[in-house]
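Undergrad: Okay, here's what each chain looks like letter by letter:
Number of protein chains: 2
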Amino acid sequence: MEFKINSKSFDKILSKVIPAVPTRTPMAVLENFLFEIKDGLLTVQATDLEISLKSSQNVAADSNAKMVVQAKLLHDVVRSLPDIQLSISTDSNSRLKLKTDKGVYHISYFSPEDFPEIPVVARDKEIIIASDDLKRAFDKTSFAMSKEDMRPAMTGTLLEFAKDGLRFVATDGHRLVKYVNKSILTDYTEQYIIPERAISVLSKLLSDGDVKIYLSKTHASFITGDIEFITRLIGEKYPAYNSVIPLENENLLTVDRSELLSTVKRMLIFSSGTSKQVKFSISADNLEISAENIDTGSNAVENVQCEYSGEAMDIGFNTAYMNDILSHLDSEKVIFKLHSPTKACIIEPDKTSENEEVMMLLMPVRLNN
Amino acid sequence: MEFKINSKSFDKILSKVIPAVPTRTPMAVLENFLFEIKDGLLTVQATDLEISLKSSQNVAADSNAKMVVQAKLLHDVVRSLPDIQLSISTDSNSRLKLKTDKGVYHISYFSPEDFPEIPVVARDKEIIIASDDLKRAFDKTSFAMSKEDMRPAMTGTLLEFAKDGLRFVATDGHRLVKYVNKSILTDYTEQYIIPERAISVLSKLLSDGDVKIYLSKTHASFITGDIEFITRLIGEKYPAYNSVIPLENENLLTVDRSELLSTVKRMLIFSSGTSKQVKFSISADNLEISAENIDTGSNAVENVQCEYSGEAMDIGFNTAYMNDILSHLDSEKVIFKLHSPTKACIIEPDKTSENEEVMMLLMPVRLNN
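Each protein sequence line maps, in turn, to chains B and R.
Okay, so the first sequence: first residue is 59 according to our numbering, each after it adds one.
Okay, so the second sequence: first residue is 59 according to our numbering, each after it adds one.
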């Protein structure tokens, strides 16, 4: 088997596929690329059994071949080369031979038989979404996923096809984000849960153009450019998130987002005890924000201008969660919808684009004093 | 006690001094700044007992004060503030009070009595050197210091006042770098050994202007801008490095540095076994470079153009050390001065500026085959 390929195009393929190669695994075969030449098409695949990546390119090869090759070694060599023509062939010692004008590199390959089967997702139902839109939806929601395995459904992000559009929901029980892309309209209602690792790898892959999404009961496939990304879905029922979203939070607090965020970041420095608490003392035109660290005998108080319609109220939040929420919004102002110091608080941008809806919810914490 | 200071100038002082605060120490008092107001001069100091940093600024304070304050907490608060006037005072509860238009922050302070005495270096002998020149000397040499504590002298960089200029020498027994700044001429011969941590902290501090250096038998002081850096010296005898530098390496190999470096970086990928070996097969107009990883059954061979006067020779090097040396040179070409495959090899730039001399030495390794 022999073919020629430019080092930089080869690097591009390998760099796209390598994120699916696990860094630590008891199954050594997963540390390899599955490398296939079939009828003039070079296909490179990798999987960690949860996610898999696949990229292809046409090459003028003189025969077919299928093998596994150490992913890190091959990738390291190819990306270290300057922009040159590479001639790739196999030798009689089961080695892949990479040849340039000045050098020759040999890398052992092995039989592909132990490499796990990569699932195929049927392409009967297709959803098309702009890469930017999908990336934005994940950016807005995925920070709120649970890091604890106790309830597996909550360790992923929900994709829900609903009447109002494609919903993205993430929650860890303390906070919840619902993001709706209103331009994806379907005639059915369905739920899929994407695992955390899939979202993190996929978000890095997304750049220009559209993404085609295919879904089965167990897997999702995302195709963008010349790359296919497949992930296992979390096969659990997502919690009935709508029931925790309060409908009657009548007290509205409007604040400049970046000013509030900057204050909350300073409060983070002081609320570093176990409670990580920040106190919002809300009155008609002033929001007093305070935090205290009893261990170090330090405290902080700041005043932030606001508009507020409702009864004066002291309410406590986890400072890190508040920081997360404000960091993941991008409007000039944010609106807090409050009911009482013990009920869930809704935080929303004051303005959004026509095509989207953003709702963040944060449970308050009981104040120390 | 009360004074006003701009948040950004205060941040500048604290940011300069905080590198001397140890991150982990059994002596809790070292996690503090020593904070002093005396006759209108604010001085902030920190030390980890090996190095110390000190910076001062004039402030209009109404009284004197001396205390220790948690370094990280104070620095975190001050750098998180926007560009704003800060009013700093002490309250009756032993707390430092930082006040802005919008907020108040309290941080506990303690009596300074447990804070260690910071050594004073007499200013009788002064050496002045441009910051850039000192930084360059450390950059060229310090990578070759030993990481092993067995021979303490070699864990530092030697500063030697000699007839030909100020010499900087570092070695770990496998490689040695001698860098001479010929513009620093003194009428005495003396040796001082600067510890690794001091060089790493000092290199980051050096920016514009000159550095004034003062030396005692036990300590060195470096003053640049409004900051004084003091380090303990390593009180050992530096090895007689001149005796290992061969004088009669008659075989000269001249190679393009960046081409060779790029090849050596690729060899690094293959020589990842225990030996980390790269083989140079040198002949009149060709340098063949090869490496092999027996564990993974992979190998690499490249040819690099060269000029060579001498007998054809196969010589082995540690690939990582060769990479270090070539990375720390900056000439277009490098000259290898060789004698035999078992004798120290000298690597030098083909051209240097008038004011400097650069010599790197690398011991070969025994070839596997």
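Hints may be right or wrong, so weigh each one.
Stated by the list, open to error - Lysine to any residue pairs mimicking SDA-like chemistry, simulated, CA-CA at most 25 Å apart:
id : chain 1 : residue 1 : chain 2 : residue 2
1  : B       : Lys160    : R       : Gln363
2  : R       : Lys160    : B       : Glu306
3  : B       : Lys160    : R       : Asp314
4  : R       : Lys323    : B       : Asp141
5  : R       : Lys155    : B       : Gly355
6  : R       : Lys160    : B       : Lys160
7  : B       : Lys155    : R       : Thr332
8  : B       : Lys62     : R       : Thr312
9  : R       : Lys155    : B       : Ser330
10 : B       : Lys155    : R       : Lys334
11 : R       : Lys323    : B       : Ser330
12 : R       : Lys157    : B       : Glu346
13 : B       : Lys130    : R       : Lys160
Claimed, not checked - Cβ-to-Cβ under 7 Å is the rule here; a few derived chain B residues that face chain R:
id : residue
14 : Val135
15 : Ile185
16 : Ile187
17 : Ala188
18 : Asp191
19 : Gly283
Unchecked claim - Quick list of the computed label-pair ranges, beta carbon to beta carbon:
id : chain 1 : residue 1 : chain 2 : residue 2 : range
20 : B       : Glu390    : R       : Glu184    : 39 to 47 Å
21 : R       : Ala188    : B       : Asp159    : 56 to 64 Å
22 : B       : Asp388    : R       : Thr312    : 52 to 60 Å
23 : B       : Asp159    : R       : Glu390    : 20 to 28 Å
24 : R       : Ser385    : B       : Ser389    : 27 to 35 Å
25 : R       : Glu184    : B       : Asp159    : 32 to 40 Å
Worth flagging that the hints you see were computed from the coordinates, not collected in a lab.
Backbone N, C-alpha and C define an ideal beta-carbon position, used for all residues, glycine too.
Undergrad: If a hint holds in the structure, say so; if it does not, say that too.
TA: Cross-check of the supplied hints:
Straight-line distance between C-alpha atoms of B/Lys160 and R/Gln363 comes to about 10 Å, which keeps the hinted pair within the 25 Å bound. Between R/Lys160 and B/Glu306 the CA atoms are separated by roughly 32 Å; this puts the pair beyond 25 Å, and the hint is violated. The straight-line distance between the Cα atoms of B/Lys160 and R/Asp314 is roughly 15 Å, inside the 25 Å bound, and the hint therefore holds. A threshold of 25 Å between alpha carbons decides the hint, and for R/Lys323 with B/Asp141 the separation of about 16 Å falls inside it, so the pair holds.
Taking the CA atoms of R/Lys155 and B/Gly355, the gap is about 12 Å. The hint holds against a cut of 25 Å. Distance check on the hinted pair: R/Lys160 and B/Lys160 sit about 66 Å apart at the alpha-carbon level, beyond 25 Å; violated. Among the hinted pairs, B/Lys155 with R/Thr332 is consistent with the structure: their alpha-carbon atoms are about 24 Å apart, no more than 25 Å. Straight-line distance between C-alpha atoms of B/Lys62 and R/Thr312 comes to about 33 Å, which puts the hinted pair past the 25 Å bound.
About 19 Å separates the Cα atoms of R/Lys155 and B/Ser330, which keeps this hinted pair within 25 Å; it holds. Pair hint B/Lys155 plus R/Lys334 holds up; C-alpha atoms about 22 Å apart against a cutoff of 25 Å. In summary, the hint linking R/Lys323 to B/Ser330 is not supported, as the alpha carbons are separated by about 44 Å, beyond the 25 Å threshold. Restraint check for R/Lys157 and B/Glu346: satisfied, since their Cα atoms lie roughly 15 Å apart, inside the 25 Å limit.
Distance restraint check for B/Lys130 and R/Lys160: the Cα-Cα separation of roughly 53 Å exceeds the 25 Å cut-off, and the hinted pair is therefore not satisfied. Hint status for B/Val135 relative to chain R: holds, with the closest Cβ pair at about 6 Å, below 7 Å. A least Cβ separation of about 41 Å between B/Ile185 and chain R goes past the 7 Å threshold, and the interface hint is therefore violated. For B/Ile187, the interface hint is violated, since its Cβ never comes within 7 Å of a Cβ in chain R; the closest pair sits about 38 Å apart.
Interface hint at B/Ala188: violated, since its Cβ lies 36 Å from the closest Cβ of chain R, which is beyond the 7 Å cut-off. The closest approach between the C-beta of B/Asp191 and any C-beta of chain R is roughly 34 Å, which is over the 7 Å cut-off, so the hint fails. Restraint check, B/Gly283 versus chain R: the minimum CB separation of about 28 Å is more than 7 Å; hint violated. Distance hint for B/Glu390 and R/Glu184: a CB-CB separation of about 56 Å, inconsistent with the stated range 39 to 47 Å.
In this structure the hint that R/Ala188 and B/Asp159 lie 56 to 64 Å apart at CB is violated, the actual value being about 44 Å. Judged by the Cβ atoms, the range 52 to 60 Å given for B/Asp388 and R/Thr312 holds: they are separated by roughly 57 Å. In this structure the hint that B/Asp159 and R/Glu390 lie 20 to 28 Å apart at CB holds, the actual value being about 21 Å. Between R/Ser385 and B/Ser389 the beta carbon distance is about 47 Å. The supplied range of 27 to 35 Å is therefore violated.
Look at R/Glu184 against B/Asp159: about 56 Å separates their beta carbons, and that is not inside 32 to 40 Å.
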